[in-house]
Amino acid sequence: MSAPLVEVRDLSKTFDVSAPWLNRVVERKPRQFVHAVDGVSFAIERGRTLALVGESGCGKSTVARLLVGLYEPTRGEVRFDGRPTREVLASREGRALRRRMQMIFQDPYASLNPRWKVEDIIAEPLREHGLLKDATARRQRVGELLQSVGLSPADAGKYPHQFSGGQRQRISIARALATQPEFLVCDEPTSALDVSVQAQVLNLMKDLQRERQLTYLFISHNLAVVHHVADEVGVMYLGRLVELAPKRELFARPQHPYTRMLLDAIPDIRMTGRARTPVQGEVPNPLDPPGGCAFHPRCPHANGRCARERPPLQALRGVQVACHAVEEGRI
Amino acid sequence: MVGESGAGKSLTGAAIIGLLEPPGRIAGGEILLEGERIDRLPHEAMRRIRGRRIGAIFQDPLTSLNPLYTVGRQLIETIQTHLPMNHAQARQRAIQLLRDTGIPAAEARIDHYPHQFSGGMRQRVVIALALAAEPQLIVADEPTTALDVSIQAQIISLLKRLCKEKGAAVMLITHDMGVIAETCDRVAVMYAGRMVEIGPVHDVIHQPAHPYTVGLMGSIPSIEDDRERLSQIEGSMPRLNAIPPGCAFHPRCPQAFERCRRERPELADTGRTRAACWLHVEPQRRVA
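If you read the sequences in order, they're chains G and S.
Sequential numbering from 1 applies to the first sequence in the numbering used here.
Sequential numbering from 1 applies to the second sequence in the numbering used here.
Hints should not be assumed to be uniformly reliable.
[What the hints assert, rightly or not] Result set (EDC-like, lysine to aspartate or glutamate): computed pairs, CA atoms no more than 16 Å apart in a straight line:
#1 S:K164 with S:E182
#2 G:K247 with S:D111
#3 G:K247 with S:E228
#4 S:K160 with S:D185
#5 G:K158 with G:E119
#6 S:K160 with S:E258
#7 S:K166 with S:D141
#8 G:K206 with S:E228
#9 G:K206 with G:E182
#10 G:K247 with S:E224
#11 S:K166 with S:E228
#12 G:K206 with S:D141
#13 G:K29 with G:D288
#14 G:K133 with G:E119
#15 G:K29 with G:D10
#16 G:K158 with G:D120
#17 S:K160 with S:E182
#18 G:K247 with S:D141
Note that these hints are calculated values from the structure, not bench results.
Take these sequences, add in the hints, and give me the full structure.
What follows is the structure in structure tokens.
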């Protein structure tokens, strides 16, 4: 096994959501914190895809932002190619590192500047990193990038509004590829798209990964999409990883009760009559998460220990899972 | 009713509820509710049907509820508008409706404001509101799209159970074929403003007759298959102001032939489903 390209250890991010100072003093409100990401660890090997799934508010997008350096971690570290990104980004080599990791955002309508031509949008990373100084060479490169995502070099002179949602997402992919990165963080890249267009974009991302040996961190709430793209899957619940397993393992033998619940909640599109148990309850308020295992109020297997003691993520039954019931062999 | 964005499914729903936004208008055709035409009714008459005989559920529960009134006040107002009840009776009925939709401690929750509910609970309130006057038809436009997957399953089964109990028919509008497979008896597939296929859900999913439905089904990732690539429909749906002549799907259709470019096919029987496609008139044209 080669050394992982991306390694995350005990990553945590806490946001201060306290009321303003004066309100705290006058109304005697305490300071309040949201532990958006709490002690997450994983590694991604070169050329592989790790998918993070979870419901809204579980912290998956915060992990994405921490990885590319858009947020500073409160605790823990991200290592890229063996070196801690925080130090490298602060040093003179920071730019070189940024070139090697790029991000694709969810909303192709919000992530492209409507006043810029496609050419300028895609060439921005090239200019920013001083990669191709010659304007003709840059234009040539933009044309190649457009072709690699299935658009035409002639599209370079158009504005984003002249494209459909799927085509815009192709433009964001072309922009992300401009610096020839090794690692792409994709935050819900297809959730704003229609299914037939989603299929085009997912196929394109797979082709690009094969051609360019790309490593992906793929964030999604859609387990069917994750099943299609991922090699490994991490399931997040209220800021913590509750299960981390190879894709086949996770879908064939989900361990954590939350993973089982998520799998059960997927509509059965082939109408195979797969047995399903109804999901109970809702995600609790992240401001006031339950003690012990955060999932215990919704868990059919919870007991006293689950309410008291937080289960660590540990190797059990060939996967990583954070659950007392699995550890004790109760389920 | 299923289709991609811009296919015209929400507009069809809005036309039935009588909430087409101008300059939108019904240019042709008719809408019948229990055999009675409702598309030409005066404003006031339609207002009485809406809520009483047709209930509506929309995608975003926050925009369907007034943030300034308690959910109880909104429920009671709807009930009293349509049913002959005094305030106390209407309040009792409102509590019962909230209880039916699975809201815990309904007696206390009735006096809460929408912002005090979570997204899933809010959508339950909207369902209670739609069912308040026991309508015969519920038009639900993307009722679960804004919700998380685990909540989505809860809301779908709730909607299904309540409408069955109360004997209401449901027109469910969604882009999510999974939701349709779980909930519906029949499905209509829309493309570029027209219905291209309609039939029993099982048949449309397993033996789709229209090439667009075939492509749509193939492009949906599923946890039950292990394909390396999803089948994809090339291109994208035309803008509604530039719909191609003939069959609107022909520029993207792998099966298109001469007639498809010229003449528009109408819905016709194909055996199991009804589809608007020339292939079923000229089956010898089908390419493998």
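Here's how the hints hold up against the structure:
The straight-line distance between the Cα atoms of S:K164 and S:E182 is roughly 14 Å, inside the 16 Å bound, and the hint therefore holds. Annotation: proposed proximity of G:K247 to S:D111 is violated, straight-line Cα distance about 46 Å (limit 16 Å). With a C-alpha separation of about 14 Å, the suggested pair G:K247 and S:E228 falls inside the 16 Å cut-off, and the hint holds. Restraint check for S:K160 and S:D185: the C-alpha separation of about 11 Å stays at or below 16 Å, so the hint holds.
For the proposed pair G:K158 and G:E119, the alpha carbon gap of about 8 Å is at most 16 Å, so the pair holds. Among the hinted pairs, S:K160 with S:E258 is inconsistent with the structure: their alpha-carbon atoms are about 44 Å apart, more than 16 Å. Taking the CA atoms of S:K166 and S:D141, the gap is near 19 Å; set against the 16 Å cutoff, the hint is violated. Between G:K206 and S:E228 the alpha-carbon distance is near 9 Å, which keeps this suggested pair within the 16 Å criterion.
Between G:K206 and G:E182 the CA atoms are separated by roughly 14 Å; this keeps the pair inside 16 Å, and the hint holds. Note on G:K247 and S:E224: the hinted pairing holds, with a Cα-Cα distance of about 13 Å set against a maximum of 16 Å. About 45 Å separates the Cα atoms of S:K166 and S:E228, which puts this hinted pair outside 16 Å; it is violated. Taking the CA atoms of G:K206 and S:D141, the gap is near 33 Å; set against the 16 Å cutoff, the hint is violated.
Distance check on the hinted pair: G:K29 and G:D288 sit about 15 Å apart at the alpha-carbon level, within 16 Å; holds. Only pairs whose Cα atoms come within 16 Å are accepted, and G:K133 paired with G:E119 is accepted, the gap being roughly 15 Å. A hinted pair counts as satisfied when its Cα atoms are at most 16 Å apart, and G:K29 with G:D10 does not qualify at roughly 30 Å. Restraint check: the Cα-Cα separation between G:K158 and G:D120 comes to about 10 Å, which is no more than 16 Å; the hinted pair holds.
For the hint pairing S:K160 with S:E182, the CA-to-CA distance comes to about 9 Å; that is within 16 Å, so the pair holds. Using a Cα cut-off of 16 Å, the hinted pair G:K247 and S:D141 is violated, with the two alpha carbons roughly 34 Å apart.
Of the numbered hints listed earlier, those contradicted by the structure are 2, 6, 7, 11, 12, 15, 18.
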